[in-house]
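**Student:** Using the hints, put the two chains back together into the complex; each one sits in its own frame.
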Amino acid sequence: MNFPCIYHVYSIRKIMFLVIVACLPGIFAKYYFFGIGTLIQIFFSIFISLVLEIIILKIRSKNIKNYLQDTSVVLTSVLFGVSIPPLLPWWMTSIGLFFAIVVAKHLYGGIGQNIFNPAMVGYAVLLISFPVYMNNWNERDFSLSFFNDFKKSAYIIFFKNDITTVSSSYLNIIPDAFTTATPLNNFKIKSHLKDDFFLKENIIKNKEVSIQTSWKCINISFFLGGIFLLFTKIICWRIPISFLSSLGMLSIITYFYSKELFMSPQVHFFSGGTMICAFFIATDPVTAACNNVGKIVFGIIIGFLVWIIRNYSDYPDAIAFSVLFANMTVPLVDYYTKSSGYGRNNI
Amino acid sequence: MIGCKIICWITKIKTVLIAIQEDNIQSISKIQHLIKNKSLFKICIIKKKYPAGSSKVLVKSLTGKEVPHGKHSIDIGYLIFNVATIFSIKRAIINGKPLTERVVTLMSDKNLLSGNFWVRIGTPIKYFLTSNKLKQSFIASVYLGGPFMGKKINNLNHSILKKTNSIFITHKKEKNESISEKTCIRCGYCSYVCPVNLLPQQLYWYIKNKNHVQTKKHYVLDCIECKACEKVCPSYIPLVKYFIQEKNILKNITLENNRKKMSLIRFKTREQRLFNEKRMIHENNDTFLMKKKDKKINNITKTVLKKTLQDAIERMKSKQ
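In the order they appear, the protein sequences are chains A and B.
Going by my numbering, the first residue of the first sequence is number 1, and it counts up by one from there.
Going by my numbering, the first residue of the second sequence is number 1, and it counts up by one from there.
Chain B on its own, in the form it takes in the complex (with noise of 0.2 Å):
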């Protein structure tokens, strides 16, 4: 709350959104008693669906406006916090405390222990799970990350940054690994549950062609990642692992062309002060200019010419 305050007085806003979702009830109930009174603060409720945590998903849902291609949520005039970072800039002006420390999700897909914890930064996960009580012999794989957007870690000693938000345990191997990628049966599953309006269904068949045009137009670089789409698919396509690989492949090609066009630039301009060069050397000589002005008398010949031609043909006219 006063974190807001203080963003609020900062940036000269007016009004703060705050973002629930539908299951926490009892969250909702307490910040309604405290926001009562208050013009400056609105609760919305967010329906539980994945990923209504993502930036430019959120924007769409709370205001019905799309944040522009290749720009930030700013230019629309939104600001988007996370709850860490207010929380901590509140501690930081009011308080006087360093960012030492932050709040971390633990989930496990048993049912054992899951919870927020609070965590300092810099504490090696191995000592984490330990003090919790996780005995490292049950635990398959450890992610950083959610279930779904996770990235593995394979050495424990991995320390929390400010940057982590939660960690994913599985405790059986994996069964899915044995599951190989099958052909697409172009069933359409993948388009439906998008939350950016992409077809991954036709941007896997141009990637497989190396159709680079094509990617480019149905949006490759508006991906946000999530990998819903890789849930859905009944043939088991990692679909996210094409697009990230395309989205470089296109950059590539876009600083290609960047170089290609300089390249050109630079080679005209050479040719150009080549040219200005041989001009004033040749300045005194006469062939040089000859050449010149024989163009220009070439040129008033030519409309001498013309004038004749049609005073010719329009007294052939009077007289008829």
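Here chain A stands alone, though its shape is the one from the complex (with noise of 0.2 Å):
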């Protein structure tokens, strides 16, 4: 059956470790950016991780060796990780992998089983129990050394880990608000408050140019492992074309309607999660549809999602609700586009 002069080009182990290999420069762009706390944070998720694991593995009275052999835990983590706050305190991070991990993976069967996502379930419920934490993308102050800013974000995560204390500590200028710092949320907040938009317009401006610097090369270097993937073969290239074509052209379309009412697509792509939804977590096989018409059928229906939810909603960033509602629909899609087959005249 299997024979040793014909490998097998691709393990299980060996594609979620180039996936993680690819994961790299959206990892140091978001480091150089946001300051340690991104490492803290993924090295203790890793961590945490695994220990769950081991934990849920025992109840479940299976082997733990084959188990853990296939690394996926670690990507998980991994990805769940880069997706949170760099300040977010460790219980916060711990919940978050609870729900990642034991109830949207082992709950529902384990590796393969699972209908939803677990990075953006876990995502998912940390936006929803503690919005106030998870919008509060603070910059790295550049000023501190490299000691310093670890002993910092580590006492922040691990010890004190109260609101006020992480706002104050790192931006001088306001002690309220303006935590908010994406200009997705920056664009929320113009929608919705229209009156005091000339007063507060000078400030954002100038803190907005160098929040969507860091944004766009976030987004570009998660866009170059991305490619990386494609060419490599490891993740099928219809999933990211057709979710980034729809967003494109939606947000084409409805900018040059109104420009004001709405974004402009280098906002929607160069902004929040897109490029790492697009190829790291959409691209999840096990979530996504099997069939090439399918795939296509569910990026078109993330990239709808996505918009919708940006523009018309309270949530500034919609990529873990848009994955994991498309998520829902894949046995349906599924269904109804079957392979043609050989020989049955279906044309």
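What the hints contain is simulated information worked out from the structure, not anything from laboratory work.
Only true hints are included.
In silico SDA-like links for lysine to any residue, alpha-carbon gap of 25 Å or less: (1) B/K208 to A/V330; (2) B/K210 to A/N291; (3) B/K38 to B/V16; (4) B/K42 to B/K60; (5) B/K217 to A/D334; (6) A/K233 to B/P238.
Note that this is a predicted model, so its numbers are computed, not measured.
**Tutor:** In structure tokens:
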């Protein structure tokens, strides 16, 4: 059955390892712009996810060695750690990981049998339960040295978790508000407060430029990692291209309709988590559609939902919810889009 | 060449396509030299991709048409022959020799002895290996067929038949014996590789759930068992084993359904026969016929009643 001279090209371990390697430029960019909190979060989440996995496998009485050999837990924890803000308290990340690994993965049957993307389930739980903390994207203070930065962020993450200390220690300009610092959040604020627009506009402008470049660089680095994955043929090209094209088409059409009500396609593509979603989260093989036409439909659904939620709801970044909704529709899409087979007169 | 001409004379075929792989440049040049002035033959060059040699895939790649399900390629109008059969036809008709020997290719994973040999049909494989100076102690296992679709032989006294194309030898012990089957991660690599446009991933999940209706809808019966999907699977799942089992189960299900239909038909004819016998017996009796007559009378009264009612309604309408 299996011949030694003809080796399998990819095993599960290799696939996960290559995906993590493709994540590295994005992680580095995030560390550069948001401080060492990101790295602390990632290592901490890897540690906690391994602990949780071992505990739940023992409860389910499965062979630990076989199930830890495919290192899929590490990948979910890395993706989770990359998507959460860098100064989240440690008990929040552990709650999120508990929901991601125990509830969304093992209680649905283990690897290969889960319907929902586990990293996104954990992110959505945290986003709904702790909205203030999750919108707290603090910039890196470049004046601090490496060691001081490490000390400060570790202190915030592990010991003192109040929101006031977090905001005031980094931003010395205004003690209240304005820790919400992504361009998507700024768009939300503009669309909701139309009266105090001009007062805060100047302050927004100074911050906005620096924030946009940071998010731009992060998204570009994830894009490069995604292209690496496409060339090694680990992920299918249909999902990212259909997602990006549907989002781009909708944003281009509506942007030319009215520039004030809608965001430009550049903002859509290069802010928030679009690139990481397109290449790493939506292409998760367990939860995406399986045949070619189904994959295109899946990408279109995600793009459409992302556009709607970003424009017409209160949440600034909509990746988690749209991915979860699309995961729900996957069995139906799979049922109705079949392959044509051979010799059946199916055109 | 001459064998092809013989077949063309028998079956009145107009063109002959010779399919050769990209790699064999020498053979391509030689055949081109031979074919120069004759309009009957054409050369088609095929890419070196597995499985380019199976009949269904060949027909589609050379002509663009697909063999319909349950039929052979001759129903579209194409005949496919192996080189060995044509050569033996020529030898039988022109040289007068029966089929006593054929060409067998020997492949091994260490690039030791590999090549084409003339072998007489019926030689045991032991003799064949020892005559080519391959020590039995070094050989781990022998397979009849190629590396993908070969079947393992345990007894080395097995003889070479007229249908064995090649023999494949492995020297090392298979280290993949220790690798066990893991869970499917739904990556979809198997469906990229399938030459017949199937979805092995969906078939695997439906087989695990014993959903025989859906496996039939996803065309299990079209699988050519080339094992390309198994080679690509990152979880080392033996897919073709499941498909072969599923094909047997579907066969049994169709047999049982046919039997049920036949038994239904038999039951109905038996009932009809008994009813007719009863009628013949009771033909003279009045009771049997009376029942039938009552039915007729009832029908007649019903129609008469209807007519009177309709006339009354029309009269009422005309009055108003």
